[in-house]
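Chemist: Given next are the chains, with one letter for each unit.
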Amino acid sequence: MGIFDKFFKKKDRKKEEKGRPSSPSLKENLNYIKEKLKDCDDVIYRDLWVGENQEFNLAVVFIDGLIDKALVNDHVIHSLLLDSRQADPSIEKIKGNLYKVIKKGTISGGDIKEVNDLDKCILSILSGDTALLFDGSPDIVIISSKGWEKRSISPPEAETVIRGARDGFTETIRVNTAMVRRRIRDPNLKIKQIQIGERTHTDVAVLYMEDIVDKNVLNKVMERLKNIKIDGIFESGYIEQLIEEDWHSPFPQVLSTERPDKVAASLLEGRVAILTDNTPFALILPTTLATLFQSAEDYYERWMISSLLRVLRFLAALVALTAPAVYIAFTAYHPGLIPTKLTLYVAATRQGIPFPAFFEALIMEATFELLREAGVRLPAPIGQTIGIVGGLIIGQAAVQAGIVSPLMVIVVAVTAVASFAIPSYSAAIAFRMLRFVFMILAAIFGLYGIMLGLIMVLTHLVVLKSFGVPYLSPFVEIHLSDLADTLIRAPLMYFKERPEILNTPDKRKMVDLREEKIESLEEDRRGRDDKK
Amino acid sequence: MKRKTLLFILLIFLIFVLTGCWDKIEIEDRAFVMAIGIDLSNSNKKYVVTFQFPNVAQLAKGSGGGGSGGSEKPSFAVSEVADTIFSASRHISTRLDKALYLGHTQAIIFGKEVVENKTRFQEVLDSLDRSYELSRKVYLLVTPGKAQDILLKKYDLEPNTGAYIRDIFKHYNLTSIFPSVDYNKITKSLHETNGNAIIPRIVAGKNEVKIAGSAIIKDYKLAGWMEDDENMGYMFLTGLVKGGDVTVSVPADEEEVKVPFNVSNVIRRRGVKVENGKIIYRVKLDVEGDVTEYTFEKHGEMIKGDIVNLIERETSSKIKSMAYKAVNRFQKELKVDMLGIGDYIEKFYPSLWDEVGKDWDKIFPEIEIKVDVTSHVRRIGLFR
Chain Z
1 MGIFDKFFKK KDRKKEEKGR PSSPSLKENL NYIKEKLKDC DDVIYRDLWV GENQEFNLAV
61 VFIDGLIDKA LVNDHVIHSL LLDSRQADPS IEKIKGNLYK VIKKGTISGG DIKEVNDLDK
121 CILSILSGDT ALLFDGSPDI VIISSKGWEK RSISPPEAET VIRGARDGFT ETIRVNTAMV
181 RRRIRDPNLK IKQIQIGERT HTDVAVLYME DIVDKNVLNK VMERLKNIKI DGIFESGYIE
241 QLIEEDWHSP FPQVLSTERP DKVAASLLEG RVAILTDNTP FALILPTTLA TLFQSAEDYY
301 ERWMISSLLR VLRFLAALVA LTAPAVYIAF TAYHPGLIPT KLTLYVAATR QGIPFPAFFE
361 ALIMEATFEL LREAGVRLPA PIGQTIGIVG GLIIGQAAVQ AGIVSPLMVI VVAVTAVASF
421 AIPSYSAAIA FRMLRFVFMI LAAIFGLYGI MLGLIMVLTH LVVLKSFGVP YLSPFVEIHL
481 SDLADTLIRA PLMYFKERPE ILNTPDKRKM VDLREEKIES LEEDRRGRDD KK
Chain S
1 MKRKTLLFIL LIFLIFVLTG CWDKIEIEDR AFVMAIGIDL SNSNKKYVVT FQFPNVAQLA
61 KGSGGGGSGG SEKPSFAVSE VADTIFSASR HISTRLDKAL YLGHTQAIIF GKEVVENKTR
121 FQEVLDSLDR SYELSRKVYL LVTPGKAQDI LLKKYDLEPN TGAYIRDIFK HYNLTSIFPS
181 VDYNKITKSL HETNGNAIIP RIVAGKNEVK IAGSAIIKDY KLAGWMEDDE NMGYMFLTGL
241 VKGGDVTVSV PADEEEVKVP FNVSNVIRRR GVKVENGKII YRVKLDVEGD VTEYTFEKHG
301 EMIKGDIVNL IERETSSKIK SMAYKAVNRF QKELKVDMLG IGDYIEKFYP SLWDEVGKDW
361 DKIFPEIEIK VDVTSHVRRI GLFR
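Just so you know, the sequences run in chain order Z and S. Take the first sequence: its letter number 242 is residue 242 in UniProt numbering, and every next letter is one higher. Take the second sequence: its letter number 150 is residue 150 in UniProt numbering, and every next letter is one higher.
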């Protein structure tokens, strides 16, 4: 019963709010807007008298700081006040359709639309447009005049590459969509824009390739986006968490990136990208575990080094996940599994250390996390100091004081470095978090605990899905051609088809020209033979 | 629904509380026994078990470089007298601050009395078989004296006797005068042949140990010792030789010259024939090696074929004589098939084995064993 009640209540709440239609009276409209935007001192109302005898009343409303001043002055106010006088239309002609004349003949701004809903008009004003209201006409002209101070394009800080494009997304969605558009000049690149957030009305753009994307995935994305009812969206992280399949999972089911080239490449693979205003982070979905280990550079460098790095990253993930746990299990439960000399060395270095291996590991891992967190929050120059103080001084001092063994410091250091080798930051967080679970399991069950943990994580990953695509995809439902881009990055020659897991209508990615040449040659010969 | 989930979570947490941790011992609280010595007390009724383990604290100082070191003992050895090996390993804990851990034990040394007494030896083997910590790669050794005497001493070369013994085994192929067999092979042989095995021999020196020759165990009892030559012959016959040297004398102008033949590869081929009701076992050995030193009147004499041929012939006959020594020992003296002939017949001539397998012990001394050796000098060394 309760569940059904909840459902129906939700449906009731979904009722569309109707906006207020505008009236023909300028005064009335202005009053409504002024009432709504009361105490908003950044709103500017500009009354205009236009016409030879100044018989027409107009008003321009915009928000200072959000608009491009030059555009509003030169192409709206200037046009209305001065340029309109040079033409000499008979007043009688104009009187009836002043609105049309001005819209078509006077305003020289580029992007214009009309509304006759005052609430919509206010929303446009709030997003940086300029509203032009007429006396005697309910139609309001909205002139797109967005122009505010924005950060210039800078290299993506979280995803730097040696070889590859240096531009990263900025906080302005228009700039970001342009960056993707510049990379894919294809009419099939669709950018669908919606607004999410009942108060913030944040622009969210859904990007996809019309003829490549799997429509089921696209529909799912659109549906889930539309179902978001929240007061505000400030970062794509909000959207990510609200549309992902399983929010219990520590693993990110959506890939976030600040690299436009990565977004463009994903679109061509048949994925959907979501750009959000006010954040440089774009979302790419569906995402599988393997994509979290891919870096843009993998495809720009030669395949051998890329493959090696891929393998290295997967190993790094395993190390980041289990290294301290294995240390605990080996030293506390299974000293017989370590080489004899190493056993004696470990026993020797742990001589006189007051903590059991588990607490030793916990202290060091917690210290490391502490240092990392402190380093992130601090400005860059001080952050480095923290690194030195933490890494060198605390590590060295702890060993000399006999609180932790030198081997533990090495294990922690290796774990830390390994966790940074995972390209996706949010995936690295997952592994870092689970590491503590593994440490506890190892402290209680030894190696059995680690195996148990691995089985549990694996079970979870197998069940997990990202927009209908299994999270462990090329591994769980084997597509041989997809495996070429997972643990290794095969030569580009092998990427003739788009990933099969994404179920794209257009499968062909590349044609091997040499093969085609051979085929055409053979056809030619066959043709000649037939003639003979 | 919710209740069930809660119950499930509770059950999972119960696992953590109820199990786990029970066999957890921190690594620094363990004593890593590197070598075990097993002797019998004077009345042959009780065991004297000696455990040797390195002083880990001293090791840390050595590796850290900071400590003074030297003054402390590099390793400890403690003995316990008890009725069984197990009770010895338990009772010793009343005198130690650490828990004994046998997972890294490298060597187990039996005193002579243990292998001379059949029931005692069987008891010891049983307790080793049952130990879950002991690795199957442990080296078993027999000493003509007391095992305790070897383990209570500290050797300058390597105070950790277990590691010392293991390192000696590592380069057995430089000499091939002791069999490189570990616990796994020895117990397998003991169980399969009902008490027959070859166990390497260890002798205590003044400041070192020496592993050479071997003890022959027949029916869980010491039957005799094999000296170096015999031992090498045995190893040639069983295909264990991976290297080693055979010294031959070559007549020269005035005196005969000793020439070492360094074995580098041995290929063994075997066959069984039955002629007039008699089983003939043939072993053909192809021995390859190099001549590493020699002094002749003139440099370059080696290059002449005759001398090389002579050395090859001499080597062959030397190896042959070593092999026959071993054959005589096993076939004529001990009447024990430890050359793997019965095993070979069982595997490759099953129909013949059906006939002879039942009383192989009686048939074995009667069969004919033929050894053919061909040696090849592959390299004759360098001139300077």
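These are computed hints drawn from the structure, not numbers from a lab. Among these hints, one or two may not hold up.
[To be verified] In silico PhoX-like links for lysine-lysine, alpha-carbon gap of 20 Å or less: (1) K325(S) with K341(Z); (2) K112(S) with K341(Z); (3) K4(S) with K341(Z); (4) K341(Z) with K332(S); (5) K154(S) with K341(Z).
[Said to hold, decoys possible] Quick list of the computed label-pair ranges, beta carbon to beta carbon: (6) F13(S) with G383(Z): 52 to 62 Å; (7) E369(Z) with E72(S): 51 to 61 Å; (8) V463(Z) with S135(S): 38 to 48 Å; (9) R3(S) with K226(Z): 27 to 37 Å.
C-beta: ideal position from N, C-alpha, C; glycine also.
Chemist: Would you mind marking each hint as holding or not holding in the structure?
Modeler: Results for each hint:
1. A distance of roughly 41 Å separates the Cα atoms of K325(S) and K341(Z); the hinted pair therefore is violated under the 20 Å criterion.
2. A hinted pair counts as satisfied when its Cα atoms are at most 20 Å apart, and K112(S) with K341(Z) does not qualify at roughly 30 Å.
3. Of the pairs offered as hints, the one joining K4(S) and K341(Z) is violated, with about 50 Å between alpha carbons and a cut-off of 20 Å exceeded.
4. Of the pairs offered as hints, the one joining K341(Z) and K332(S) is violated, with about 46 Å between alpha carbons and a cut-off of 20 Å exceeded.
5. For the hint pairing K154(S) with K341(Z), the CA-to-CA distance comes to about 19 Å; that is within 20 Å, so the pair holds.
6. Taking the beta carbon of each, F13(S) and G383(Z) are about 39 Å apart, not inside 52 to 62 Å as hinted.
7. For E369(Z) and E72(S), the Cβ-Cβ distance of about 39 Å falls outside the hinted range of 51 to 61 Å, so the restraint is violated.
8. Here the CB-CB span from V463(Z) to S135(S) is close to 40 Å, well matched to the stated 38 to 48 Å.
9. For R3(S) paired with K226(Z), a C-beta distance near 35 Å keeps the hint of 27 to 37 Å intact.
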